[in-house]
Amino acid sequence: MSHQLGRLISQILHRYFGDLVQNVGYDLFTYGSKPIVMITKSTGLTRLQVIECLRTLLKFDLAVFEATGVAITYKLVPDNVLLLIRYPRYLLQIKSKYGSEAELIVEELLQKANSTATQLLVTIANKYKDDKEKNINIVQLKDTFISLATAGYIQQSPVAEIKEGSEIPTLVPVATIVPDLDARVLMQAMANPADVKDTGEIMCLLLKQMYLVSAAWAEESTPTAVTDIREHAKRLTDRPLLMQHLDHYLKYAVRGAGAAERLLCDVIEHLVTERLGSNAARIDSCQEIHRRGRYTEECNPMRRAGQAQGGKAIYLYNVHLYEVAHTAREMCYRALHNLMLVSDETRAKHARALDKQRRVRSIVHGMRVRGAGNTDSS
Amino acid sequence: MAGRGRGRGSTVSLTHEQLQALGITRGENTTQVLAPPPLFPKLENKPLPLNCDAAIDYMLIVKDQFLEYLHESPAYVKANKKTDGIERYSDKYKLLALDDKGRRLLDCVWNNMPPELRPQAGSVRSTLRKRRLDDPKDIEKRLKLLEKKESQEDTMEVVDTNTSTAQIPKNEDDIDEDLEDEEEQEDEIDDGTDYANNYFDNGESYEDEDDNLDDGPVY
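Protein chains in written order, with the UniProt record's numbering: chain A, 1 to 378; chain B, 1 to 219.
Because the hints were derived from the structure by calculation, they are not lab data.
Note that the coordinates shown come from a computational prediction; the quantities given were computed from them, not determined experimentally.
Treat the hints with care, since some could be wrong.
[To be verified] With a straight-line cut-off of 30 Å between C-alpha atoms, the simulated DSBU-like cross-links for lysine-lysine are:
{"hint": "1", "chain 1": "A", "residue 1": "K356", "chain 2": "B", "residue 2": "K149"}
{"hint": "2", "chain 1": "B", "residue 1": "K42", "chain 2": "B", "residue 2": "K63"}
{"hint": "3", "chain 1": "A", "residue 1": "K356", "chain 2": "B", "residue 2": "K78"}
{"hint": "4", "chain 1": "A", "residue 1": "K41", "chain 2": "A", "residue 2": "K75"}
{"hint": "5", "chain 1": "B", "residue 1": "K78", "chain 2": "A", "residue 2": "K112"}
{"hint": "6", "chain 1": "B", "residue 1": "K137", "chain 2": "B", "residue 2": "K149"}
{"hint": "7", "chain 1": "A", "residue 1": "K142", "chain 2": "A", "residue 2": "K129"}
{"hint": "8", "chain 1": "B", "residue 1": "K137", "chain 2": "A", "residue 2": "K142"}
{"hint": "9", "chain 1": "B", "residue 1": "K137", "chain 2": "A", "residue 2": "K349"}
{"hint": "10", "chain 1": "A", "residue 1": "K34", "chain 2": "B", "residue 2": "K78"}
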């Protein structure tokens, strides 16, 4: 919860849901939880408008409510607001993992926030009924839906009361999107070094295993027996050396905490290089090495300068990793906010051109439907 | 106050060498800069170039579609804009589109929503009552009641009161009740919005806001 985060969230809400929702959302962000009457007072909106905004926020799971005594108070969930901008990446992930049908399902579900399974499938089938390229079949859709649900990408949404025979609404759970995406980043980072492809492969196997066995985001996964991994490795025929490497140890475990920390260090180093140049990065990496307790002499440039003058003062610098991470995150928030502002302004500047483009596209579409030749429409 | 002006020898301040190491020396003050700094200073570290590939293009398209959908949906809350009083040809179409959008209610699972956000229960009650009036039987019954009352009023003066004492008060009660019912209904219909129904301010929160304004946002 910081000023930068608040600015970013307000900007996101403005982009996605308009300025009234932005007002209400930012008000909730600054004051914590609040009942409707207080929101109407501080935002200056009418009660009906506030109610509509709150409906939107609650529907998309961006806020929660709590009944305390007589009044019902509402509270914004900033993390879920931030997730809004990750939707495209999530869709990409689904598309690459489960194909375009799953993508359609998840897209529809993301748009509706929650819906019953039947309603969802029928809507999609109706929508793409005439599209011969996609060739949507409702049985296939159902199978995809079930596989998505078993994988945990779609979950049942919490309902106050479930009547017998009533449809149970489903929704895309925010909780699973995050670990999945983050694990993807982690996996890419670990599997990237090109010269050690085998390591990357083993890492992927281990991470998959970790998903099945350990709790999400455990500091260290439960150890995996080498036989399990060997079973997996046998299926990969194009890596002859993999089996040899595997036999060195008997058990493997993923140290999630260590990996995350290492990743963070690399990110920070990269950040310093890009922003302040390579010299600063060298100092930073010296500090980093010092922190790990390997070298003591090399770090601390001020100390040498001090000695050259013959003074006694020794200044010690060190990197406080947690705070650096915090600062880096704040910088990201600010950068995102700036980017969104710029994009909004550019869009506003070219609004007429965009509008025209949309109109031309719809006209062309209409002509195609009516069966005009390509020469006409082009 | 005693310590003032005697800071030179104290252990807190730095020695001359230390100051020199930091680049602070006596006499060598930096020259005064009179010209304003350049309007667009040279950027030393340029941002990384964007790498465009199919995946990023796809994500961009998906994002735009999602945004477009949201802007069209009732989730995008807009204030009712006041017109400038000039009638335009395109107004007709704009109003049609607006009506179409306005009628759609956000599609939520109302059971999960707090009661005050649901489409009001009050309006449900009034529609139920309306239905009772719409029923032709009720209208007939009501007409009969009124007729009876009229005839009773006429006969009241003539006929001995003892004969129908048991009947009349009951009927009158009935009629009164119905009339009250109607009045209540009219009140509710006139109201239009339910804004005034639920709004109650006991004035406790009046001072709260001003106090918090100076503190700035909560971190």
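Hints violated by the structure (numbers, ascending)
Violated: hints 1, 2, 8, 9.
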